[in-house]
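> So the protein sequences, as listed, match chains A and B.
Start counting the first sequence at 1; every next residue gets the next number (my numbering).
Start counting the second sequence at 1001; every next residue gets the next number (my numbering).
Some clues are possibly wrong.
[Stated by the list, open to error] Computed Cβ-Cβ distance ranges for the label pairs, DEER-style:
id : chain 1 : residue 1 : chain 2 : residue 2 : range
1  : B       : 1040      : A       : 62        : 30 to 38 angstroms
2  : A       : 110       : B       : 1084      : 32 to 40 angstroms
3  : B       : 1032      : A       : 106       : 20 to 28 angstroms
Just so you know, these hints were derived from the structure itself, not from any lab.
Backbone N, C-alpha and C fix where the C-beta goes; we use that ideal spot for every residue, glycine too.
Chain residues, written in single-letter form:
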Amino acid sequence: MILASTLSPLMGLALVVAAFGVAVFTFYGILGLVRKKPQTVPAVPDDQTEGPPKPPEGTGVPHIKLLWWAYIASDCMLFGSLIAGYLVYKGRSLTGPWPLDVFDFQTTTISTFILLTSSLTMVLQLAAIQRGDLGKFRLWNVATILCGLVFLGYQVFEFSTFIEEGLTMQTNLFGASFYLLTGFHGVHVAVGVLWMILLLVHSFWGGVTKKKAVHVEVAGLYWHFVDVVWIVIFSVVYLMEMPGS
Amino acid sequence: MSNKNNNYLKIAVILTLVTVVEVMLPSWSPQTVYNVLLLSLAALKFWLVIQVYMHLKKDPALLGWIFGMGVFLIAGSAWAIIVMLNPNAAQPSPRSEVAHQTPEVVEIEVANPCHTPDPTPTNPCEGGEVVEMEVANPCEGGNALTKDEMIALGETVATQLGCSACHSVDGSRLVGPSWKGLLGREQEMDDGTTIIVDTAYIRESVLDPMKRAPKGFIKGMMPMGLTMTASDEEVEALLHYLASL
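Based on the provided sequences and hints, a complete structural model is requested.
Here it is, written out as structure tokens:
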């Protein structure tokens, strides 16, 4: 217990640093903040048209979008395994606190609504930048950040309440699998919030434009994915424990 | 507001309503019905978000295939993991059939589950099951398994129960103590005593893991109902295997 209480702030700090690193990497590496070298286009010989027909090239999808969909598909596997792990150990803890001892359904329902709402503000933000409306983009961007932060605040409150009630990662199988699953989800939300903040900052530097709307779109893909993961977690972890069921 | 935004708003309203329905769902309905309903509603929300908010409806099918592949792979794997490791899904072993046969093999009785001189009434070793187990003829059709065969069977059982997730056989420390050199090991326990590990203790630690744990390990981490899917013979084989390491 002593070990857990001293380690968790450190672990939390480490996770935030890691999340920040990922976000910065995303920002620099993928949003293309780093100035690109002018690329010399290899000249296509004129006689190319006379040769055999070239095979079709490309997928018709911006590379960055393809990349993030591939990432999301792999993230599915991560969350799928964590959920499967949670379900395997469900009801097999030898000591309490058990889920019903600690779950507060009202609080979780509210935070779920907030996360769902953030998905709406996310698409509105994307629609705004696709129209070229920078003001509305910032408005909905800030709304998304706030929703994300409130959700994280609820999670911090939830975790600290649970720990007060005697449920730590080391208490039982429920604690271990629950914190692992929801903690991973929380880290994803935190990374999403950092991403949104970086987009906002970037917009003041003139980096977010109608032409570059796809960079907001991929951030949105990530954000919505984190939201759908919560949809599953809310049903599988919380609602299935509803008293009487 | 444009039509696009109206559409997004509509989806948000639907998502909210579905969540309200989820939370209000009568939890008095049968568990299976309730779970199926919850999962269907979660799937509906999931589908709406990825189709509309993540634009899969309008984007090239390639992206949908990438994502669908990820979801399909992990859904299959998760289902397999849960089915394989869920003790409630398996049928209990037909103990009665075995119990009336003549006790024959004596090797098993070396591992007397009740070495405690004055067992308290709460001692689960006193339970009918274990007594039955002593009487149980572990040989099917009169062909007694040799000790080596029992150990081999035990190794299979240990693999099937997933023990290696927490126990190593090479002496390295995982979540649980290593099994290497288990029998005869001098072990300090969390209740302050030091014991020499014998077959009785091995049996106790598998069948009643909450009684005590080796010092430095967390008591609540052994899953409940671990041996529920195993027949008596398989449990015996497992104990033989543990003692052989």
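> At the C-beta level, are residue 1040 of chain B and residue 62 of chain A separated by a distance inside 30 to 38 angstroms?
At 34 angstroms between Cβs, range holds.
> Do residue 110 of chain A and residue 1084 of chain B keep their Cβ atoms within the hinted range of 32 to 40 angstroms?
Cβ of residue 110 of chain A to Cβ of residue 1084 of chain B: about 37 angstroms, so the range 32 to 40 angstroms holds.
> Regarding residue 1032 of chain B and residue 106 of chain A, is the given constraint of 20 to 28 angstroms on their beta-carbon distance met?
holds, 26 angstroms
Every hint from the earlier list agrees with this structure, and none is contradicted.
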